[in-house]
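Throw the hints in and build the complete structure from the sequences for me.
Protein chains: 2
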Amino acid sequence: MAGLKSSKQRDAILRNLQGRYDHPTAETIYFDLKKDFPALSLATVYRNLKVLESEGLIIRIPGNDAEHYDGNFHNHYHLTCRHCKNIIDLEVNGEEVINALPADFDGEITSHSLMFFGLCPECAKH
Amino acid sequence: MAGLKSSKQRDAILRNLQGRYDHPTAETIYFDLKKDFPALSLATVYRNLKVLESEGLIIRIPGNDAEHYDGNFHNHYHLTCRHCKNIIDLEVNGEEVINALPADFDGEITSHSLMFFGLCPECAKH
DNA sequence: ATGATAGTGATAATCATTATCATTATTAAG
DNA sequence: CTTAATAATGATAATGATTATCACTATCAT
Chain E
71 MAGLKSSKQR
81 DAILRNLQGR
91 YDHPTAETIY
101 FDLKKDFPAL
111 SLATVYRNLK
121 VLESEGLIIR
131 IPGNDAEHYD
141 GNFHNHYHLT
151 CRHCKNIIDL
161 EVNGEEVINA
171 LPADFDGEIT
181 SHSLMFFGLC
191 PECAKH
Chain U
71 MAGLKSSKQR
81 DAILRNLQGR
91 YDHPTAETIY
101 FDLKKDFPAL
111 SLATVYRNLK
121 VLESEGLIIR
131 IPGNDAEHYD
141 GNFHNHYHLT
151 CRHCKNIIDL
161 EVNGEEVINA
171 LPADFDGEIT
181 SHSLMFFGLC
191 PECAKH
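Respectively, the protein sequence lines represent chains E and U. Per this note's numbering, the first sequence starts with residue 71, numbered consecutively. Per this note's numbering, the second sequence starts with residue 71, numbered consecutively.
No lab work stands behind these hints: they were computed from the structure. Be careful, since some hints might not be right.
One copy or two, it doesn't matter: identical chains are merged, so the pair holds either way.
Within a straight-line C-alpha distance of at most 20 angstroms, the following computed EDC-like cross-link-like pairs (lysine to aspartate or glutamate) qualify [unchecked claim]:
no., residue 1, residue 2
1, Lys-120, Glu-137
2, Lys-104, Glu-125
3, Lys-120, Asp-135
4, Lys-75, Glu-97
5, Lys-120, Asp-102
6, Lys-195, Asp-174
7, Lys-105, Glu-165
8, Lys-195, Glu-178
9, Lys-78, Asp-106
10, Lys-195, Asp-176
11, Lys-78, Asp-102
12, Lys-75, Glu-165
13, Lys-105, Asp-81
14, Lys-104, Asp-81
15, Lys-120, Glu-97
Below you can see the structure in the form of structure tokens.
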């Protein structure tokens, strides 16, 4: 990888993200890792989230307030619930999403992110 | 509409957004409307973009830096180009996107936004 | 071992977005 | 046509997430 040296902090951030199924913000990860790395700096978390994202190891989910991150993106289809404001994972047939693109599109697609808006099953019950 | 009074500024913001096919930020709209409303405040633009969005008249496209807005969303499928950083519209078969949802999903979907990442046709040519 | 360079922690700086507030515009009712 | 209620505005201060900076440390190829 182009000019990247390994770092315990970066590894820990990636492992943290891969070991959970919610979509934390930089700050959430920061407080979480403070237990293992008391000297950890918030700036380091932000820095490495950017690096990990550009390496394609995690994805960024733009939220209303802060950026959220996801380290388990075999599927990255999300629903933001307008009631409880949570961002939940959705199972989606990715094949069909790709097929929705016109055949003559001549750009280059490396990934995609499908975001649904509405109510999560929990809130839909009222 | 619940407790909304009409305002020239809000109308102008909506018309501006509907009359263009790029995806401007609040600031871009602000400078654009300054010509017609010299006294316009940036806060007014931000305020009304929020109102218009919650009324479902425009959509918000989270960008890398600032929020972008779109007033022509018969389709709201976008590609963010990793090279030129532009956000361009894509023609997409929305039917197939909806079909990608599992039949037994019991939440409620009101809208969706499909974002592709990669290179726009222009940048793909190098 | 060592030199080159990427990474870190601390903190200041940035800057998009919000909140506040006195004033003005809009609207419905008398 | 007043008037009272309240939403909207413009100006600006405040907020808060993200970045930049910098002195120092860790990593790694040679």
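With identical chains, the pair Lys-120 and Asp-135 could be close in the same copy or across copies; at 20 angstroms between alpha carbons, which is it: within, between, both, or neither? Cα proximity of Lys-120 and Asp-135: in one copy and across copies (17 angstroms, 13 angstroms).
How do Lys-120 and Asp-102 come out at 20 angstroms by Cα distance, when the copy is not named: within, between, both, or neither? Within one copy only: 18 angstroms inside, 33 angstroms across.
At 20 angstroms max between alpha carbons, let me know whether Lys-120 reaches Glu-137 within a copy, between copies, both or neither. Cα proximity of Lys-120 and Glu-137: in one copy and across copies (11 angstroms, 19 angstroms).
Is it within a copy, between copies, both, or neither that the alpha carbon of Lys-78 lies no farther than 20 angstroms from that of Asp-102? The answer is within: 15 angstroms in one copy meets 20 angstroms, while 48 angstroms across copies does not.
Treating 20 angstroms as the Cα threshold, decide for Lys-120 and Glu-97: within, between, both or neither. within (14 angstroms within a copy, 25 angstroms between copies)
Are the CA atoms of Lys-195 and Asp-174 at most 20 angstroms apart within a copy, between copies, both, or neither? between (42 angstroms within a copy, 15 angstroms between copies)
Cα distance capped at 20 angstroms. Does Lys-75 pair with Glu-97 within a copy, between copies, both, or neither? neither (24 angstroms within a copy, 39 angstroms between copies)
For the identical chains here, do Lys-195 and Asp-176 meet the 20 angstroms Cα criterion within one copy, between copies, both, or neither? Cα proximity of Lys-195 and Asp-176: across copies only (9 angstroms, versus 43 angstroms in one copy).
At most 20 angstroms between C-alpha atoms: does Lys-195 with Glu-178 qualify within a copy, between copies, both, or neither? This pair counts as between: shortest inter-copy Cα distance 10 angstroms, intra-copy 41 angstroms.
Cα distance capped at 20 angstroms. Does Lys-75 pair with Glu-165 within a copy, between copies, both, or neither? Close neither inside one copy (36 angstroms) nor across copies (45 angstroms); limit 20 angstroms.
If the cutoff is 20 angstroms on CA atoms, where do Lys-105 and Asp-81 land: within, between, both or neither? Let me know, please. within (15 angstroms within a copy, 52 angstroms between copies)
For Lys-78 and Asp-106, with the copy left unspecified, which applies at a CA distance of at most 20 angstroms: within, between, both, or neither? within (11 angstroms within a copy, 55 angstroms between copies)
Going down the numbered hints, you'll see the structure goes against 2, 4, 7, 12, while the others check out.
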